[in-house]
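Undergrad: Based on these hints, arrange chains A, W and Z on the given structure of chain C.
Chains as they are written, first to last, in the working numbering: chain C, 1 to 459; chain A, 1 to 459; chain W, 1 to 459; chain Z, 1 to 459.
Just so you know, the hints here were simulated from the structure itself, not pulled from any lab data.
Worth double-checking, as some hints may not be accurate.
Which stretches of chain Z does chain W cover? Using the computed rule of at least three CB atoms under 8 Å from a CB of chain W, they are [said to hold, decoys possible]:
1. 53-64
2. 199-208
Below, computed lysine-lysine pairings styled on DSS-like, alpha-carbon distance capped at 27 Å [stated by the list, open to error]:
3. A/Lys336 - C/Lys313
4. W/Lys313 - Z/Lys336
5. A/Lys448 - A/Lys431
These numbers come from a predicted model, not from an experiment.
Glycine residues also receive a C-beta, built at the ideal position from the N, C-alpha and C atoms.
In case you want the letters, here they are:
Number of protein chains: 4
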Amino acid sequence: MELHEECGVFGVYDPAGDCARTAYYGLYALQHRGQETCGIAAINNRELSFHKDVGLVGEVFRPQILDELNGTMAVGHVRYSTTGGTRRENAQPLTLKYVKGTLALAHNGNLPHADELRTRFEYQGAIFQTTSDSELIAYAIAQARLRCPSVEEAVCQALKGLRGAWSLIVMSPRKLVAARDLWGFRPLCMGRRGEAVVFASESCALDAVGAKFERDLGPGEIVAVEDGAVRTVQKPAGAKGHLCIFEYIYFARPDSTICGQSVHQARRLAGRFLAKEHPVEADVVIGVPDSGLDAAMGCAEESGIPYGVGLVKNRYIGRTFITPGQGHREEAVRIKLGALKHCVEGKRVVLVDDSIVRGTTSRQIVSLLREAGAREVHLRSSAPPFVSPCWFGTDIPDNDQLIACQHSGEDIRKQIGADSLGFLSLKSLHKIAPDAACGFCDGCFTGKYPLNIIDLVHS
Amino acid sequence: MELHEECGVFGVYDPAGDCARTAYYGLYALQHRGQETCGIAAINNRELSFHKDVGLVGEVFRPQILDELNGTMAVGHVRYSTTGGTRRENAQPLTLKYVKGTLALAHNGNLPHADELRTRFEYQGAIFQTTSDSELIAYAIAQARLRCPSVEEAVCQALKGLRGAWSLIVMSPRKLVAARDLWGFRPLCMGRRGEAVVFASESCALDAVGAKFERDLGPGEIVAVEDGAVRTVQKPAGAKGHLCIFEYIYFARPDSTICGQSVHQARRLAGRFLAKEHPVEADVVIGVPDSGLDAAMGCAEESGIPYGVGLVKNRYIGRTFITPGQGHREEAVRIKLGALKHCVEGKRVVLVDDSIVRGTTSRQIVSLLREAGAREVHLRSSAPPFVSPCWFGTDIPDNDQLIACQHSGEDIRKQIGADSLGFLSLKSLHKIAPDAACGFCDGCFTGKYPLNIIDLVHS
Amino acid sequence: MELHEECGVFGVYDPAGDCARTAYYGLYALQHRGQETCGIAAINNRELSFHKDVGLVGEVFRPQILDELNGTMAVGHVRYSTTGGTRRENAQPLTLKYVKGTLALAHNGNLPHADELRTRFEYQGAIFQTTSDSELIAYAIAQARLRCPSVEEAVCQALKGLRGAWSLIVMSPRKLVAARDLWGFRPLCMGRRGEAVVFASESCALDAVGAKFERDLGPGEIVAVEDGAVRTVQKPAGAKGHLCIFEYIYFARPDSTICGQSVHQARRLAGRFLAKEHPVEADVVIGVPDSGLDAAMGCAEESGIPYGVGLVKNRYIGRTFITPGQGHREEAVRIKLGALKHCVEGKRVVLVDDSIVRGTTSRQIVSLLREAGAREVHLRSSAPPFVSPCWFGTDIPDNDQLIACQHSGEDIRKQIGADSLGFLSLKSLHKIAPDAACGFCDGCFTGKYPLNIIDLVHS
Amino acid sequence: MELHEECGVFGVYDPAGDCARTAYYGLYALQHRGQETCGIAAINNRELSFHKDVGLVGEVFRPQILDELNGTMAVGHVRYSTTGGTRRENAQPLTLKYVKGTLALAHNGNLPHADELRTRFEYQGAIFQTTSDSELIAYAIAQARLRCPSVEEAVCQALKGLRGAWSLIVMSPRKLVAARDLWGFRPLCMGRRGEAVVFASESCALDAVGAKFERDLGPGEIVAVEDGAVRTVQKPAGAKGHLCIFEYIYFARPDSTICGQSVHQARRLAGRFLAKEHPVEADVVIGVPDSGLDAAMGCAEESGIPYGVGLVKNRYIGRTFITPGQGHREEAVRIKLGALKHCVEGKRVVLVDDSIVRGTTSRQIVSLLREAGAREVHLRSSAPPFVSPCWFGTDIPDNDQLIACQHSGEDIRKQIGADSLGFLSLKSLHKIAPDAACGFCDGCFTGKYPLNIIDLVHS
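Bound conformation, chain C alone (with noise of 0.2 Å):
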């Protein structure tokens, strides 16, 4: 897969200190989603520092950093780029200096019309030192504040105003303040440890620290915690919301819950689906590693056909991997993954993937199975066709490159050089997560999407 998630929020407050250090770990489970810079942001006796930069977290923090960081509240952030480029300078969490003090904000999620408040607020004399949609949520919180008696009052004001997508941790020097939108987009979940708060995008991230599992965020959610009481500043708004389904495909990480759906028993459910709309006769079931590979047991389970591991992913290749040259880019696949002839050889193989983007990737990977003997390779998809962009989030190419918006089923079946393609349809994509208790957004399989997306940009 070749899709990227933008971002993971974190946010401790926990009186026994040393919170950086737990965020730190936070992050550490998050880093999947998002691995160009990552940050933390630490209140000590009221007093803010931060470090943040380009990197994992792994490479960005080391223990001195994280010792002089330490406090008894923080927020932390990891990010791969939609808007903003990879600059240094986009790195969160934002901290800033306003009228009441000191703020730190780590947000995930994108704002539609970005631009448009953007010039607003240049009409008013103000200045823009990244191109991150923080800045702009920072000044929004900042003007609200002058008229708002706190700062989760104004966090709230300020959110009124926005249309997009966010799941927002704000911290000042007393307060933690998470806040999700009103369509419920991005995931936010909270838990405890102790007297220690916890919030995170993911539930993963709350076992890393042994915090216990609450409960989601609702759409359009403020919870404000200080002094390690946690007061609902705005309650979740009574709709079920519209989260990102893809986020159940792809983004998250399988042990992670999101609103009551376990995303490894969505993808089991989506490869039995996958079984069932596209049946085929074969020998073996195997899946693309590692996204692929809950959905392929699915698969495998409902058609009764066996699963097996054809293929074997390189667990070492990092930014630093140096491509093929020219002319033998196609090579770059074989290094990734290894095919087990064992497994393939000789066989009708069902290759599970978790969707198919521009299909460059899937035509080597078919290519690679044939090479190791593989006789036919059915191509499934546990993801519907990209036909449309994503506005709140998620950095899908533009159309021409979605080898679905460009192709016919047969023809990308041909490009591909699949003996049978099939892609998870959208009706059963809803039934995916029967646990969920909440909406989804699926604008970038469908083009529909929950907010009025034209005139939103163009207004």
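TA: What follows is chains A, W and Z alone, placed relative to chain C:
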């Protein structure tokens, strides 16, 4: 698992050039065999150049370095320290000047009588700048070369005087010489890509560079490549040899085939035997990722208990990970592994790991599963208990740290906190590789070695 | 000497391009003005790009970075922290987006009323991401731009509302604007190289890039460059201004000429006055390298006592120097300075330093000379005693750390262990720059400032 | 000047411990003798540990590293490559294991017959892992040790078989052995600090660590320290030896005293002789910083022409400096040196440099001074013309790059663009060190060496 493999070696002759880049990709595929140091030496127009350092392949090499190393022959090495500490000085390939010019050596293995050899050389006035066995082998070759008409003859002569484990690649300005010890402890195979000849510790490295597997080198075999011609310097010994059986269980990559046996299949078989030998009523079989997964699948297949994904591994934990402080060390497992509650909650779980060394990690994982709601946890190890050191290149801890040397079976179970505990039997161990064309060394499980160690070490 | 200059600025317009490289060489020449952070912003085809970081010019920039910044305009900055800490966030040039597009700012100076200004902006809803005054100036310009027809008019308007010290270079996609505060605290000059126009804190940076010095900007003067045309936006104020006189004594490079006065000559003259004001019978005059050498030569010339080289500076001491541990800290001077025994042994030595701040280094040097055999050591400071803080950009310690604020002359002499001690008088101080076309600020020596500080700070 | 010294050595025994830190400060003081690699080896409780790398002392060592190296003996080394390239592998001290345990070697010098020696060892089966002469010396010692009862005897025996230049410090777990070659090419002195014994290439390193200079080692002398007792293993040869005279002119630090002669005084005297030998009517004498300044002062004193500061050196130019591109290379001098216009404008200038090698830098400096307004520039070199290579450790370019080998005096003057040109005569050269207790090698100026080089190299 907490054992370390010691090394991986790679060698390539390619008249088309770019051999350092080929070695780079080959080492990427062998990175699991050693993560402490790596290096590549290349021959370009009879001139030797090299680069080696502490770190992963992706950290040590930059495009410019590979370009400067460009040549028509290369040897590469990845290393985990057994003897020799982690010093940069011990990074391989060892490069040297001797009476006939330059040599580069890459070596996987261990010489039990190294101390005695070193003393013998020192009494001839030799100096040693590293603590690695490779320097000893280099001396032996340099001295043999005074009497032998060619480098390959010198290698042949020198190795005759040695006892122990080596899969060795030696490169002179004109020749590439690959050699395997008489007992065949460590794997070494050969492949071709057009006119290119490739040697590697495992077949997955041949796949990574697009080379076709030709054959394994036999025990005692020595092969030389010169200007593309492959010549057998010494034929394999008649006996079947003693391949380290732990290569199948843990060291090798699942997509490698060693001596005719698929590594993945061997692990799956081990899992099947486990199910037969230690049956239990349970609801789900899960594996400890990554090395326990294959055996867990085999175990599920044989027992009929469903296979589940119960543990998710954090893919971003690297050497820079800051472990939790004093009193929290046990928590590290939470960050490294996430438990899938939906999979284990209220269930009787069979947990399959590749082996049990000290037992501490197993105890933490069992505890993690119980916290996630597992009703019972039945631990199965796809290797027998470790009872004896390895003299041939595996970093098995001293007996006083091996849980199986210190405790009886029931004690171990209690310490680990499992509801039942089962190890693979020695008898079954010898049946996990039915396709293997070789015999095995199982000394770490039996205390019986193919070589008389006591004579060797005290000679 | 232990004082720090705050900043150096550089700006260049060159239709031939390569401006980032020109700025790089210009910053090298200004590195003595700031060693903590540096940065360059460049305009290429109306697009702004930049690079800045903690470190020396030679550490922060690589050839590839300079190539990527290539353009037809550039501003550069070197910084020592006065206000703002050493954070990477405070590195300049400040780059931003505002109502009319992008801007880059490089600023040398200090605003004593920064806190009051910041508060004023915050009450309009502004947020601050750095602690540097430059961000304040940027806000002022952004707000003025809403009312002004051009960036240069906006700079002009914005600066009218400020009180304090600035030598400022602002770059928009089309224009380079250079401005100097009404008091002329910090130097700023202009030169040409063919069609290129260059601005720099000191003339030595013009020499370094092969530009011909044209003139100093006058107090309050603002100049704009557009497509090579230089336009005076605001004429210099009629008054002669108040250049920081310490620029001649310590900050500036000896080969610079500021306001018509050679820095080297000013120092030599200071030495001559010292000799007249504090005559002593002695055998040799030596200087503390590097900043005391010029005055020592002047002192020798005037007194007729031979000039000698008595101290050699270790050129390799940098920020990474590990200072001797507890109880050995006094020894650091031995490593930084070597005494020439043959020059001082048995002699009566006149030791000239540029100034005396805390007195600790002076004491150590006197002691070093006595160990080397000096019979007498007569210390002379080419600056008067520091008695008051600087509000305009120099990092003078608080009064309680200034030896001259805490002790009388004789006490100081005893503490330092000199046989006699002489400071340059205020009267002579004003005669060291006879060629200067400007007036001076000597507030740190007199407590009298060109601006009413008390009103400003408490307004 | 464009010549490179090869190395500096430092050794310390101190029962109070902390020897690695002492060596660190000693190496800082010797950094001018080599800037490519550095290293320290230390003995703590008979155990050897070491750290060495490419880089300056301040870059290679961190506090933690020094703490880990803590011990009661240490040897240190700074290196500029002569033989051996700049590889990390060639960094010293060389550390090794041999028949009697461990050794560390630090070596300043060169063996002209290294190739012949290396071949001889190779024919005994030796292997070489570096290209440095030190490895040869190590082999010689290791072999001698087989016959000798102690390490100091072995050093003594081994050195008897060598011809060339060495100032050598060898450290065993119990002893520190310092040795100087029979000709005394390179300096080596000894000092004490309480119970500590210190050896160093130059006395400035003794001063830096607070040790009192005791004496220079004589030609051929070997001294051993064991448990604080200093024992003469071999007395100095009767002859006065042949110290490299260029140590006085360029290599050594001005505050060092070598063989009884102050380096600064020697340079000052050289300047005086220059004034006598090449008188000229002029207005000012200036030196090329830093190494030409002392001679310029001497020249001014003798001639009665005033001494001036005409050139200022940029102190921040380091290895990372990006040189101006194609067609601008000549401009580099502008960034490295600033001309003081007020000092040279309209004047007849005598310019003193330490020596002239290729002439390119001299030409650029003359041109820089003319641009700054100098009416005449009379160049004086405080060394005679280079006419022959150095076999004993100085990196003098091949004859075809030496301007004095390729051109007559008048041609050189024209090429450089000076109004007159004068070299110090050989006769005067031998008078610059009247206090020296030794004879000199002036082979690079005369082609006559103390050793029969032709026999040695072709033996």
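Undergrad: Given the proposed pairing of A/Lys448 with A/Lys431, does the C-alpha separation stay at or below 27 Å?
TA: holds, 18 Å
Undergrad: Hinted pair, alpha-carbon criterion (27 Å max): A/Lys336, C/Lys313. Please report holds or violated.
TA: holds, 18 Å
Undergrad: Take the C-alpha atoms of W/Lys313 and Z/Lys336, compute the straight-line distance between them, and say whether it is at most 27 Å.
TA: Holds, at roughly 18 Å.
Undergrad: Confirm or reject the coverage of the stretch 53-64 of chain Z by chain W under the rule of 3 or more residues with a beta carbon closer than 8 Å to the chain's beta carbons.
TA: n = 7 at 8 Å, threshold three: holds.
Undergrad: Between the stretch 199-208 of chain Z and chain W, are there enough contacts, at least three residues with CB-CB distance under 8 Å, for the coverage claim to hold?
TA: holds (count 3)
In this structure, every one of the numbered hints holds.
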